[in-house]
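Trainee: Chain by chain, the residues:
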Amino acid sequence: MYNFTYHRASGLRQATNLLGKLDEAKLLAGGQTLLPTMKQRLAAPANLVDLNKVEGLSGIELQGRALVIGAMTRHAEVASSPVVQQAIPALAHLAGLIGDPAVRHMGTLGGSVANNDPNADYPAACLALAATIITTKRKLIADEFFTGLFETALMPDEIVVKVSFPLPKKAAYEKFRNPASRYALVGVFVAKRPSEIRVAVTGAGTSGVFRVPAFEEALKKRFSPKALDGLGVPADGMSSDIHGGAEYRAHLVGVMAKRAVAAAME
Amino acid sequence: MTSDVQLATRPADVSARDRVDAAKNLVVSFVLNGKPLSVAVAPTELLADTLREGLGLTGTKVACGTGDCGTCTAILDGEAVRSCLMLTAMVAGKTVETIEGLAGESDIHPIQQAFIDTGAVQCGYCTPGMILAAKALLDENPKPSADDIKEAISGNLCRCTGYTKIIEAIDKVANAVA
Amino acid sequence: MSATGIGAAVRRKEDYRFITGKGQYTDDISRPGQTHIHFLRSPHAHAKITSIDTASAKTMPGVLAVLTGADLAGDKIGNLICGWMIHSKDGTPMKMAPHPAIAHGKACYAGDPVAVVIAETLGQARDAAEKIEVDYEVLPAVVDPAKTQEAGAPQIHEVAPQNTIFQWHLGEAAAVDAAFASAKHVTKLDIVNNRLVPNAMEPRAAIGEYDSGTQNFTLWNTTQNPHVARLVIAAFVGMAPEHKLRVIAPDVGGGFGSKIFIYPEEVVCLWASKKVGRPVKWVCERAEAFLADAHGRDHVTHAELAFGEGGKMTALRAKTIANLGAYMSTFSSSIPTYLYATLLSGQYDLPAIYCEVDAVYTNTVPVDAYRGAGRPEATFVVERLVEVAARELHMDPVELRRKNFVKSFPHQTPVIMNYDVGDYDASMRKAMEIADVNGFAARRREAEKRGKLRGLGYSTYIEACGIAPSQAVGSLGAGVGLWESAEVRVNPTGSVEVLTGSHSHGQGHETTFAQLVSERLGIPIENVSIVHGDTDKVQFGMGTYGSRSGAVGMSAIVKALEKVEAKAKKVASHLMEAAESDIVFKDGQFTVAGTDKSAAWADVALHAYIAHKFTGAQLEPGLKEGAFYDPTNFTFPAGCHICEVEIDPETGSTTIVGWTAVDDFGTIINPMIVEGQVHGGIAQGVGQALMENAVYDKDGQLMSGSFMDYSMPRAENLPPLKIDTTVTPCPGNPLGIKGCGEAGAIAAPAAVINAITDAIRTENLAMPATAPAVWAAVRAAAPALAAE
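Protein chains in written order, with this note's numbering: chain A, 1 to 266; chain R, 1001 to 1178; chain L, 2001 to 2788.
It is possible that part of the hints are untrue.
Claimed, not checked - Distance condition first, Cα-Cα at most 16 Å in a straight line; then the derived EDC-like pairs of lysine to aspartate or glutamate:
1. L:K2586 with L:E2620
2. L:K2569 with L:E2526
3. L:K2597 with L:E2620
4. L:K2274 with L:D2071
5. L:K2048 with L:E2130
6. L:K2022 with R:D1139
7. R:K1094 with R:E1105
8. R:K1094 with R:D1117
9. A:K39 with L:E2130
10. L:K2570 with L:D2603
11. L:K2095 with L:E2137
12. A:K39 with L:E2133
13. A:K39 with L:E2158
14. L:K2022 with R:E1100
15. R:K1150 with L:E2130
16. A:K220 with A:E196
17. R:K1035 with R:E1140
18. L:K2722 with R:E1168
19. A:K53 with R:E1168
20. L:K2698 with A:E196
21. L:K2403 with L:D2423
22. L:K2319 with L:E2309
23. L:K2022 with R:E1105
24. A:K39 with R:D1049
For the record, the hints were derived by calculation from the structure and aren't laboratory data. Keep in mind the model is a prediction, meaning the values are calculated, not measured.
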């Protein structure tokens, strides 16, 4: 990789200052995406601000009707947390499906949502659960946070601090893995919330994670897989690559949505 | 706490986009295979390189360098991680185990013995990573199911064995620890 | 059977170093003063190199040299070669285009090296490479073997019009045409045998070192055959005379064929080491390996099988286009010809076969042997044809096979091979019993209740291994003989070193070869060392591929052991003052028949060296013998694999729920190691059938160029494998060995696809049968099944 200057931040304010002050600075969280990208010389930050020693960025807490997870919380911690398993089992299940154990031991919630990889799992959970992404500057609802492929509403000197997931009444995540990368070829997160039903899809869309209003409306009338009979998403707008065509992905969205609804009802 | 911020220096005549073999100006202290040590590394240095080149511990292999094969698996604070996707700077204050640390002075680890006994080794290149992934699993879950074992090595590629005997070896250790 | 002899599941002697991290692979070796080399590769699949400006790269920090194809040509370094001559049916020789180690004037695939940088560190070499300015005139590229011969396709090499390397054929066209003309039924298939990336876990690596004092070169290299590498680099590339070049293959982390070949990188490392006066090290990065390692398979075939009355096969014909990539790799011409068409008889008594093969250039990395090499492609053609024919004829696929099996031996096929021995029905019967074929119908019904489609597929494969009789392959165009050598060195204390030309890169030779010695000499296996992989130690050898190390390599050891035993008996006769004809050697003891006199192995070994009991006129001191073994025929491992799958029609995903393999490998030296070989072969075959695919886009860019895009089988992709054997010892070699290294990869793809097509009831499915591919096939064939 290209040389960079390494900064080990010990506090959030210091990390924010460094990020604002330094040229071409990037945050280092788990490093599972950033480091391979840098090693392949596809990213070349001049400064790397390491968040791993920052106090208070990691942790899982139930705060009233919301599950709040620190940005530096590793996927493995979320997957194995009794608190998460109790409060939003679908979220623990999702975290346990990310990558493989080594990835889960390093990869973080904050890193995943800030990167907004169109095939990543967490964005679907955030969007379906109507999560709030709490940053050093503000609170952003998921619908405003994810803005496109690898794009978010984050400003250059803004850091994700934690994510607050309102507790759903029911939720489930169904993932169809890309067998090579183990990312989602299609992943569908269905959440039955007190006020609404949300269906969020990752892996399939050409502009990243998205909701399926038609599914949501049908499920609001009747929360059952059968409610989705005859409904689908158009192949237009689905991505197409060597791992699956747009038509296949569109089809999988329907299949995975039904399965997620069935799983949520269990 | 500025004392925690360790700045690497960049020679003025080299552009920001060039890699320079930067001075090894970060001193990183950690515990390696039970022994505390401090190494001077460049900020760009990866744990796999520190182990292999800096410390001569070539038991850690690198087969892809991008975190997709598990060959470089090391155990960091009890958990399996990829040493090729870990800046050495990130392991400061932590505990690292590599394949060289597994065998005692007179005995090899039961997982190592099981790999021999079941024929789980062929070319040997994925073996250190597999054994460490297995150790991390069994340390946390001494009685894994077959699916637990498959999941634990799901990020470790092997091209020789078809995994069958590796799974058998790990299962054998789990059952022996009854 | 002794605890460490032939047939015992002896724990591997080599394992201790691997499980403790003490293996020494090429990348683990550092030479004093070593430098690092980076290969700048063409980003274009097909381009004229109009200029290369290395001036600014040379001024970068740490750079020792920047070299190009022009420098290579200037030093008169020869081209890489293909060592097997194939003639077209019109008698013309194959069109071998020049293959310089660094492209000169033109790049022919994305990844073709165009310049190298040697620097103090790898980072510096990479930085400097970014400063090399190459002007390319990009040319249209062609990657599809089915299109490269078309008029108007880009021409890759002047020597090969229509990008055609050869148009070869085998068999009797007239007899085949006659049989088809009178056939009662003809089954036809169009088959694409998908292109694969071998992906041994250890990436290729090389260290070149030149000693200016002795003018000797040394090459540490990830090679399956160090002597062949030395021969080619000396005799054809012209780097150094053979006796001034030492090639060392230390621990090698898997090969599967891909490390047989002599590649540009090792040649350049050697050459550059002399230029810079320091050792030059190269370790392939994985992304680079996808671009630069020889790929496997990549056939497009139309095949037809003719039947007479009652399901009797009468003839087979096939037309194959084989993609050899941008240049002819070391053995590439032999793979789609003599290792392919010669196996088209399968396990069947097929009176007439005709096969035409066009080998073609495309703008892709060279294609050469990959585990199975030609034989998986042949097996896939035959076993798919048979299974489809059974469905078309409404016959049980088992009965159709059984009716047509070769039942008497030796059996001469119409395509060169003379099968020596086998019992194909025995393997199939045993496999059916283990797989509980009788219970399949019930399992299928149960699966249907869960909305899943279940299928069962067979593959009764045969392979030609124990490669190969030298005279026979010489008559077919091989540039080398395919014997093997062995030297048995007995030390004065009785311990033994065996030097072998075979090379172990995962096969466990240090154990199996020692088992043979332990049994024959009656000495503990701990007292035997197997030495391989160094041209300074082993006189010559042909290396390891084609499931040859047991059948050929061990036969050479047997011959050398026989000589050692004969010599030892002479020593023993002097030691015990008895007639040589009265000396009996058994279980490590020499006795004099009819007496109680005896001498232990170690005593005799010692006396061979101290030479106190005989004169120089009576006997030469010492105990060391060598042998070369040249097989008289190929060996013919065969067997039956049965795959059972369950398919989720909604997603198209396939789960292998059962696998049974009953193989006839002849004599088995170490069942634990053989099982491992079968497991690994099946995994690769399943990978080909379900997951793996090297895909180039139309411009010649490799789309599946990393583990993120090229699906490798993982632990979750394989079910528990039920493995068993039947045994008909090979009559052609002293131990009765047939070979086991490739069987799984040869058998598996057809078994998987036969099972999936059985489940989804359509034959229109190409490999790899990924979830989207199966879903599409189901939907095309039976829309109702695929509906949600």
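Trainee: Has the given pair, K2586 (chain L) with E2620 (chain L), been kept, meaning a C-alpha gap of at most 16 Å?
Mentor: Between K2586 (chain L) and E2620 (chain L) the Cα gap is close to 23 Å, so the pair fails against 16 Å, i.e. violated.
Trainee: Do the alpha carbons of K1094 (chain R) and E1105 (chain R) lie within 16 Å of each other, as the hint requires?
Mentor: The hint is violated at about 24 Å.
Trainee: Taken at face value, is the distance from the CA of E2309 (chain L) to the CA of K2319 (chain L) at most 16 Å?
Mentor: At roughly 25 Å apart (the allowed maximum being 16 Å), E2309 (chain L) and K2319 (chain L) break the hint.
Trainee: Holds or violated: K2274 (chain L) with D2071 (chain L), Cα cutoff 16 Å?
Mentor: This hinted pair holds, its Cα atoms lying about 13 Å apart.
Trainee: Taking only the CA atoms, is the gap from K39 (chain A) to D1049 (chain R) under or equal to 16 Å?
Mentor: Holds: K39 (chain A) and D1049 (chain R) sit about 13 Å apart, inside 16 Å.
Trainee: Hint check: K1094 (chain R) vs D1117 (chain R), CA-CA at most 16 Å. Holds or violated?
Mentor: Outside the cut-off at roughly 33 Å; violated.
Trainee: Check the hint pairing K1150 (chain R) with E2130 (chain L) against an upper bound of 16 Å on the C-alpha distance.
Mentor: Not satisfied, since the Cα-Cα distance of roughly 42 Å exceeds 16 Å.
Trainee: Is it true that the CA of K1035 (chain R) sits at most 16 Å from the CA of E1140 (chain R)?
Mentor: violated (22 Å)
Trainee: Would you check the hint for K2698 (chain L) and E196 (chain A), treating anything up to 16 Å between C-alpha atoms as holding?
Mentor: Roughly 47 Å separates the two Cα atoms, so the pair is violated.
Trainee: Would you check the hint for K2570 (chain L) and D2603 (chain L), treating anything up to 16 Å between C-alpha atoms as holding?
Mentor: holds (13 Å)
Trainee: Measure nothing beyond the straight line between the CA atoms of K2403 (chain L) and D2423 (chain L); if it is 16 Å or shorter, mark the hint as holding.
Mentor: holds (13 Å)
Trainee: With a cut-off of 16 Å on the C-alpha distance, tell me whether K2022 (chain L) and E1105 (chain R) pass.
Mentor: OK: K2022 (chain L) and E1105 (chain R) at ~15 Å, within 16 Å.
In summary, the numbered hints that this structure violates are 1, 2, 3, 5, 6, 7, 8, 11, 12, 13, 15, 17, 19, 20 and 22.
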